[in-house]
Amino acid sequence: MATKDTLFRSASMSLTQLYISNEIGREVVSALGELGVTQFRDLNSETSAFQRTFTKEIRRLDNIERQLRYFKSQMEKANIEMRSHWDFDEDMLAAPQAAEIDELADRSEQLEQRVKNLNESYETLKKREMELTEWRWVLKEAGSFFDRAHGQTDDIRQSLDDDDAPLLRNAEAEEGRRPNGDVGQQQQSFAVMNIGFVSGVIPRERLAAFERILWRTLRGNLYMNQSEIPEVIINPEDNEEVRKNVFVIFAHGKEIIAKIRKISESLGADLYNVDENSDLRRDQIHEVNTRLSDLASVLRNTKNTLDAELTQIARSLAAWLIVIKKEKAVYNALNMCSYDQARKTLIAEAWCPTNSLPQIRATLQDVNDRAGLSVPTIVNQIKTNKTPPTYNKTNKFTEGFQTIINAYGTAKYQEVNPGLYTIVTFPFLFAVMFGDFGHGFLMFMAACAMIYWEKPLSRSKQDELFSMAFYGRYIMLMMGTYSMFTGLIYNDVFSKGFTAFESAWEYPEDGRPEVTAHLKGSYRYPFGIDWAWHGSDNDLLFSNSFKMKLSILMGWCHMTYALMFSLTNARHFKSKIDIWGNFVPGLLFFQAIFGYLTFTIVYKWSVDWYAEGRNPPSLLNMLIQMFLSPGTVAEGDQLYPGQATVQVLLVLIAVINVPILLLLKPLYLRWEHNRTAAKGYRGIGDTSHVTHALDDDDDEEGDTRHMNGRPSTDTDEGAMITENIHEEEGEEFEFSEVMIHQTIHTIEFCLNCVSHTASYLRLWALSLAHQQLSVVLWNMTLGNAFTMSGGLQIVMLVVTFAMWFVLTIAVLCVMEGTSAMLHSLRLHWVEAMSKHFIGEGIPFEPFSFKLLLEEDPVD
Amino acid sequence: MANGWSLLVGFVVIVALSAAAYFFSPKGENQTIWRSTLILSFASCYIMWAITFLAQWHPLIEPKMSKLRPGYPGGS
Numbered sequence: 001m002a003t004k005d006t007l008f009r010s011a012s013m014s015l016t017q018l019y020i021s022n023e024i025g026r027e028v029v030s031a032l033g034e035l036g037v038t039q040f041r042d043l044n045s046e047t048s049a050f051q052r053t054f055t056k057e058i059r060r061l062d063n064i065e066r067q068l069r070y071f072k073s074q075m076e077k078a079n080i081e082m083r084s085h086w087d088f089d090e091d092m093l094a095a096p097q098a099a100e101i102d103e104l105a106d107r108s109e110q111l112e113q114r115v116k117n118l119n120e121s122y123e124t125l126k127k128r129e130m131e132l133t134e135w136r137w138v139l140k141e142a143g144s145f146f147d148r149a150h151g152q153t154d155d156i157r158q159s160l161d162d163d164d165a166p167l168l169r170n171a172e173a174e175e176g177r178r179p180n181g182d183v184g185q186q187q188q189s190f191a192v193m194n195i196g197f198v199s200g201v202i203p204r205e206r207l208a209a210f211e212r213i214l215w216r217t218l219r220g221n222l223y224m225n226q227s228e229i230p231e232v233i234i235n236p237e238d239n240e241e242v243r244k245n246v247f248v249i250f251a252h253g254k255e256i257i258a259k260i261r262k263i264s265e266s267l268g269a270d271l272y273n274v275d276e277n278s279d280l281r282r283d284q285i286h287e288v289n290t291r292l293s294d295l296a297s298v299l300r301n302t303k304n305t306l307d308a309e310l311t312q313i314a315r316s317l318a319a320w321l322i323v324i325k326k327e328k329a330v331y332n333a334l335n336m337c338s339y340d341q342a343r344k345t346l347i348a349e350a351w352c353p354t355n356s357l358p359q360i361r362a363t364l365q366d367v368n369d370r371a372g373l374s375v376p377t378i379v380n381q382i383k384t385n386k387t388p389p390t391y392n393k394t395n396k397f398t399e400g401f402q403t404i405i406n407a408y409g410t411a412k413y414q415e416v417n418p419g420l421y422t423i424v425t426f427p428f429l430f431a432v433m434f435g436d437f438g439h440g441f442l443m444f445m446a447a448c449a450m451i452y453w454e455k456p457l458s459r460s461k462q463d464e465l466f467s468m469a470f471y472g473r474y475i476m477l478m479m480g481t482y483s484m485f486t487g488l489i490y491n492d493v494f495s496k497g498f499t500a501f502e503s504a505w506e507y508p509e510d511g512r513p514e515v516t517a518h519l520k521g522s523y524r525y526p527f528g529i530d531w532a533w534h535g536s537d538n539d540l541l542f543s544n545s546f547k548m549k550l551s552i553l554m555g556w557c558h559m560t561y562a563l564m565f566s567l568t569n570a571r572h573f574k575s576k577i578d579i580w581g582n583f584v585p586g587l588l589f590f591q592a593i594f595g596y597l598t599f600t601i602v603y604k605w606s607v608d609w610y611a612e613g614r615n616p617p618s619l620l621n622m623l624i625q626m627f628l629s630p631g632t633v634a635e636g637d638q639l640y641p642g643q644a645t646v647q648v649l650l651v652l653i654a655v656i657n658v659p660i661l662l663l664l665k666p667l668y669l670r671w672e673h674n675r676t677a678a679k680g681y682r683g684i685g686d687t688s689h690v691t692h693a694l695d696d697d698d699d700e701e702g703d704t705r706h707m708n709g710r711p712s713t714d715t716d717e718g719a720m721i722t723e724n725i726h727e728e729e730g731e732e733f734e735f736s737e738v739m740i741h742q743t744i745h746t747i748e749f750c751l752n753c754v755s756h757t758a759s760y761l762r763l764w765a766l767s768l769a770h771q772q773l774s775v776v777l778w779n780m781t782l783g784n785a786f787t788m789s790g791g792l793q794i795v796m797l798v799v800t801f802a803m804w805f806v807l808t809i810a811v812l813c814v815m816e817g818t819s820a821m822l823h824s825l826r827l828h829w830v831e832a833m834s835k836h837f838i839g840e841g842i843p844f845e846p847f848s849f850k851l852l853l854e855e856d857p858v859d
Numbered sequence: 001m002a003n004g005w006s007l008l009v010g011f012v013v014i015v016a017l018s019a020a021a022y023f024f025s026p027k028g029e030n031q032t033i034w035r036s037t038l039i040l041s042f043a044s045c046y047i048m049w050a051i052t053f054l055a056q057w058h059p060l061i062e063p064k065m066s067k068l069r070p071g072y073p074g075g076s
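Sequence order for the protein chains is A and B. Residue numbers for the first sequence follow full-length UniProt numbering, beginning at 1 and rising by one. Residue numbers for the second sequence follow full-length UniProt numbering, beginning at 1 and rising by one.
Hints were generated in silico from the structure; no laboratory data involved. In this text, all values refer to a predicted model and were calculated from it rather than measured experimentally. Incorrect hints may appear among the rest.
[As the list claims (entries may be wrong)] In silico EDC-like pairs for lysine to aspartate or glutamate, Cα to Cα no more than 16 angstroms straight-line:
no.	chain 1	residue 1	chain 2	residue 2
1	A	K396	B	E29
2	B	K64	A	E506
3	B	K27	A	D5
4	B	K67	A	E509
5	B	K64	A	D539
6	A	K116	A	D307
7	B	K67	A	D537
8	A	K126	A	E237
All chains, full assembly: derive it from the sequences and hints.
This is how it looks when you write it as structure tokens:
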């Protein structure tokens, strides 16, 4: 089985059992993760996630990961860039020793504490700062209220005589009536008068509600003053900007003051003490200012310390994240292994490519040597009737193409992989629709640029559309290359033609401007379409007929090619009945109708009808008449002598092959089943009994061993069954099911021969549309500018060139390109792959750190 | 220069190129990809070229121009 693995088939896989000494289990699995070619099977599928052996370790790692993510979020908050994981050496990201993990755990614990403390104190300080700022505003604003109030005492006195003067004013006036201009005395007077006041700040949007509520509850017995704080206050808890107002409320009586306090607190206002006395107030302001400046310096220090700490962490955070991620993956993999308590061994079962086995053995040996263990790790191939997973090893060139195929379905283990031929056929069919040298060249250049700057681009952040184009850069490269070729064949470069060779046509000089060209002789234009057709009146007539036939012929080639792989598959799986019951009748049916059609197309082209003095017959009518009235060909419609007989024969072949396709395989399978049943055999697949072929040296100890808590009862050979592999894979033979399946297949195949051939006409439609669109674009923009003259032409040339170029890129390259790509995709998935693709495979998902980090990047 | 025999000549050239691609593909794990891609490309390109050549071999219609200036060979 040591054949080379190629993209033609999926790699041959082996199920292996690994007996790993308990002490080095972690190291072994981690080495396998670096290697990335093994897929562990879950041997404890009955056990829930909490009951597994290494749940504790995983919890611990989860905690570390959470701490690391906390650092990351803190860094984002502080706008500190994390050092990219690309900047680290390979060995820094390698799986670490257990001790290093412990160290990392301690360290991140400490750092988390530190960062948390710093953060907390920073927030407290910030809050303190906000309070002080608010207080300063209150002092300032409230102070001006007081000053104003005292300045107005004279006015208030005059209002004394009014009956309806409010209570407060009255009282104030009463107080003001004292013949005393002394400000200090007046300030004392509020307290004397039993007028209290409440001052504070409140968010601006709540102010209206606040006022209303106060007014209603106190029935108007208050005097309120408020003013806006011009600066924005930032709430440190959620970093939100709040606009606030300062208010001072004067009211009479202790109870009312208490009520006001309660109301304002419940509405989210913050109350601050302000002294009535203006000297005291000045002192207060002064004190607040000093405290604020002290606080600011402390804040700056704290912030600096925090930033320094975070910057320090940022330098190695990516590496830590990767290390933890790897470690977690290792323990998750270890959880899939079964654990033998008595012998202190871990038993793992894994799928791996047979060709990688030596590599795996070498790696394990290496780990063993490094650990200095005398007990070797045993790698044991086991035979199984389980379906191995499908693994097609790709490189960066083939990856995109294989993804196209995998998007449709996973190929059956070792069947022909359509990914190999897709490398050519997919971009080629695209190019048939996209055929224009100029557009192809633009696409080619774009792909080249993406390949040239592959590394920097793959490491940078990309938006969705670009990342898709970037992923398919090699597909684009091939598409561009073939588009240039088909562009040369169609002789189209931005809708104009090349005149590389001498034309086979000559336009006579007489009778111009309206002339019809004639052939120069037996010379024909050697490569692509003659440029004499460009700009002619019946250009479309010619390219229409040409492209229609081209697409039929291309479709026939593609489908026949794909159909041949069903032969390859049948031979590989050694299923003769699939050759004689599926492939041969299918092929004959298809060729009898559509093979014949392609033959007549080529034949009609190769006959010089006018030289023979005959009219070229219509092929469409021929095909219809072949079925409607077999055996008769009208005199004028004959392609070649003996046509009627050949066509009758072909129709017969096609008709006979339908029942063969329908019945041969089910009947054969039934016969075979009955024969084996008569000989007394039972179905295949129920005799599998997998025992590990361990050389008996360590089998003598104890009979009853416990595997996953289940006693293994099979003691005669000392063999253990790590997992019951008794799931039946060979199913019961049921004739009706086989028959139904084959009937569906037959109907589908015959109808699809017709509909799929018709489906290839999309090549015709899209390539015509693409060509016409680019002609129209040229004529509307640059073509117009060329007809002008003088200075206007110069201006218009610049303007229309810009328009033409932008539209060429946006519409003709991007939009048309996408649509042609989707059509080509469909031709592969439906028309080609349905001819041979079996599918139903299980994708190979190796345990690989590289894949893990690609799927879930740390930065 | 170019007549019906070109189809055969082209075929021979393509077969020769394919053979060269088969034998001179770089060895290693990507040999199959090289071989398959090159040979399939040659074949596809040949088919496309041959179809185009065949379509113009015995033309059934002639190009017509309604606005051709004197002395101008046509095409655009």
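Hinted pair, alpha-carbon criterion (16 angstroms max): B/K64, A/D539. Please report holds or violated.
8 angstroms, holds
For the pair we were handed, B/K67 and A/D537, check the Cα-Cα distance against 16 angstroms.
9 angstroms, holds
Taken at face value, is the distance from the CA of A/E237 to the CA of A/K126 at most 16 angstroms?
Holds, because 9 angstroms separates the two Cα atoms, which is no more than 16 angstroms.
Taking only the CA atoms, is the gap from B/K67 to A/E509 under or equal to 16 angstroms?
12 angstroms, holds
Would the hint linking A/K116 and A/D307 be met if the CA-CA limit is 16 angstroms?
With Cα atoms ~13 angstroms apart, A/K116 and A/D307 stay inside 16 angstroms; holds.
Quickly compare the C-alpha distance for A/K396 and B/E29 to 16 angstroms and report which way the hint goes.
14 angstroms, holds
Taking only the CA atoms, is the gap from B/K27 to A/D5 under or equal to 16 angstroms?
13 angstroms, holds
For B/K64 and A/E506, compute the direct alpha-carbon distance and say whether it is at most 16 angstroms.
11 angstroms, holds
Taken one by one, the earlier hints all hold for this structure without exception.
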